[in-house]
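Number of protein chains: 2
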Amino acid sequence: MSDFPKSVHISEEGPREGFQIEAGPIATADKIRFIEALAETGVPEISCVSFVNPVKVPSMADADDVMQGVRRRDGVSYTGLFLNMKGFERALTVPVDIEGAIRISASEAFGIRNTNMDHAATLAEQRRYIEAFDAHGIILEYGYVMTSFGCNYEGAITSAQVVAATQSLVDVAADTGKRLKGIYLADTVGWATPPAIESAVGAVRDRWPDFEIGMHIHDTRGVGLANAYAALRLGVRRFDSSCAGLGGCPFSGGRKAAGNICTEDFVFMCEEMGIETGVDLERMIECARMAELIVGHDLPGKVMHSGSLDARRHLRAAA
Amino acid sequence: MSDFPKSVHISEEGPREGFQIEAGPIATADKIRFIEALAETGVPEISCVSFVNPVKVPSMADADDVMQGVRRRDGVSYTGLFLNMKGFERALTVPVDIEGAIRISASEAFGIRNTNMDHAATLAEQRRYIEAFDAHGIILEYGYVMTSFGCNYEGAITSAQVVAATQSLVDVAADTGKRLKGIYLADTVGWATPPAIESAVGAVRDRWPDFEIGMHIHDTRGVGLANAYAALRLGVRRFDSSCAGLGGCPFSGGRKAAGNICTEDFVFMCEEMGIETGVDLERMIECARMAELIVGHDLPGKVMHSGSLDARRHLRAAA
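These protein sequence lines map, in sequence, to chains A and B. First residue of the first sequence: 1, per the numbering used here; consecutive thereafter. First residue of the second sequence: 1, per the numbering used here; consecutive thereafter.
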């Protein structure tokens, strides 16, 4: 039995996830033209930059300049990530679409290692975010549960832990009189396999049947698209992905942490299955090829190297 | 609903699929030590070489020397591919386990381009193989239907075409008083997506309920493991895969044709799902790292770069 959605909402993570992990500097102009090309593909949301400490993440030091430089296209959200209140305040000063999102790691150990905050401190911070969103007219929408499937410090994460982490975000929202629209389950460091996806999505859906569920999947161990397929079977409609498979988590502790599932490979799979993405696959492939030129090395996406099947079909029709 | 198998049989395709496509020469000694290392992983079958024209495929010119050099391990099959009777006769002269297999391409256009034979000529050749197998005490086992999902010359392949191609192999076997044990569906050039896998496997199973079904999946467009997962859900128990993702089809017409699904990534997925492979994942990862050193460039496998989850769990247990 399956419950495939008719369409999916894709958030493109490539510019932020990808450029922050590259060893060499990426020119601001290259970031801008990449983001502008992505916006031409039809993808509705692009995660462009991180507002983080430029000393710790020098590759994101030009975040403000990138957002100032991008010519915006109607109907596309251009978001930026922040991990503390200072980052949020910086985001307020530039043209960026601030997501009304709150976050917690299912693994408390992961949260402590990466943000120096335990669950209680994290939740207090999320409450401050909600109040700050309110003060600036930003609507609270999604909660993100990082390391929903496992963590290199704490090991496997159970569905019960995912539900507990989700509940903690639901509660902090309720404390301020708000309601989350849904929840993203993030496989931050690549512990998920299809049965784990089924188990976690099922547990969240049992508890919050009206929640929109999203997936943020890293392809750390090659099973990313199998995991995405398992989520699609369950009717999940929101996915983060990364053009060309750009990216990786700089904090994951992995030797070569992989990026999100590859956008154009995911778009290919969905469209071939009759699930609409709103993304022009050929344009996304062009973006992936642009990304390889910009970073100066091979990237893991496959369809950009093999070509789409539609391109094959057109070649045949023209022959 | 799903019908996951308790265990799967993996045939390792890396040495043959991988080394035949490499631009630079691979030392015979390197091929031998790679095959010997693979045999230590527990994988029951290794496709080692192709007995093909050394002028057309110089990288396989040392096929005889490779097979002469390999120290064999009990319980492991060391196979070689042949594409014509001359290759078969050459295989008879060296220590190699000759598979009693017959083959046809679901796409006649693909067969004509690659072997210069139409369906009728191909089937006549398969009949000669069966007679030759008989003469040498080789038991006919599996049929292979290449391009079962699509072909760059003919486009998409329907399940009806897969059934017709399978029927033609069944018939040629019956003409000689034989019976196939099962059928491998090969996604030779990467046209499959999970629904196509479901459709083709379902159609073959409806017609031949007692057939053992195998999958030979190329990860041309990144959905290889999603396709394998779809096949696992249907209870498919035989898979070809390639250590480190080595390989690619030299005849596929693709710009950068991808190899089979990556063995260690597939083993990782199966074992994490509780499906036994008989393969020691850590040893297979070591083989994948050896393969990268031998070919001298990055290979697409993921788990060999990120490490297994068991390795993570052990690190945590030791900490």
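Honestly, I wouldn't trust all of these hints.
[Said to hold, decoys possible] Just the calculated beta-carbon pair ranges, DEER-fashion:
no. : chain 1 : residue 1 : chain 2 : residue 2 : range
1   : A       : P58       : B       : G235      : 46 to 56 Å
2   : B       : L83       : A       : A61       : 34 to 44 Å
3   : A       : R72       : B       : P209      : 31 to 41 Å
4   : B       : D3        : A       : M85       : 27 to 37 Å
5   : B       : A124      : A       : E212      : 26 to 36 Å
6   : A       : D3        : B       : M273      : 28 to 38 Å
7   : B       : G296      : A       : A23       : 48 to 58 Å
8   : A       : T28       : B       : H297      : 42 to 52 Å
9   : A       : M85       : B       : G296      : 40 to 50 Å
10  : A       : M273      : B       : D298      : 35 to 45 Å
11  : A       : E212      : B       : A120      : 50 to 60 Å
12  : B       : A124      : A       : H314      : 29 to 39 Å
[As the list claims (entries may be wrong)] Some, not all, of what chain B presents toward chain A, calculated at C-beta under 7 Å:
no. : residue
13  : G155
14  : T158
15  : A160
16  : T220
17  : V223
Calculated directly from the structure, the hints in this document are not laboratory data. Idealized CB from N, CA, C, for every residue including glycine.
Against the structure, the hints:
{"no.": "1", "hint": "P58/A x G235/B: 46 to 56 Å", "result": "holds, 52 Å"}
{"no.": "2", "hint": "L83/B x A61/A: 34 to 44 Å", "result": "violated, 57 Å"}
{"no.": "3", "hint": "R72/A x P209/B: 31 to 41 Å", "result": "violated, 58 Å"}
{"no.": "4", "hint": "D3/B x M85/A: 27 to 37 Å", "result": "violated, 51 Å"}
{"no.": "5", "hint": "A124/B x E212/A: 26 to 36 Å", "result": "violated, 58 Å"}
{"no.": "6", "hint": "D3/A x M273/B: 28 to 38 Å", "result": "violated, 21 Å"}
{"no.": "7", "hint": "G296/B x A23/A: 48 to 58 Å", "result": "violated, 21 Å"}
{"no.": "8", "hint": "T28/A x H297/B: 42 to 52 Å", "result": "violated, 31 Å"}
{"no.": "9", "hint": "M85/A x G296/B: 40 to 50 Å", "result": "holds, 49 Å"}
{"no.": "10", "hint": "M273/A x D298/B: 35 to 45 Å", "result": "violated, 30 Å"}
{"no.": "11", "hint": "E212/A x A120/B: 50 to 60 Å", "result": "holds, 56 Å"}
{"no.": "12", "hint": "A124/B x H314/A: 29 to 39 Å", "result": "holds, 35 Å"}
{"no.": "13", "hint": "G155", "result": "holds, 6 Å"}
{"no.": "14", "hint": "T158", "result": "violated, 15 Å"}
{"no.": "15", "hint": "A160", "result": "violated, 19 Å"}
{"no.": "16", "hint": "T220", "result": "holds, 5 Å"}
{"no.": "17", "hint": "V223", "result": "holds, 5 Å"}
Taken one by one, the earlier hints fail for this structure at numbers 2, 3, 4, 5, 6, 7, 8, 10, 14 and 15, listed in ascending order.
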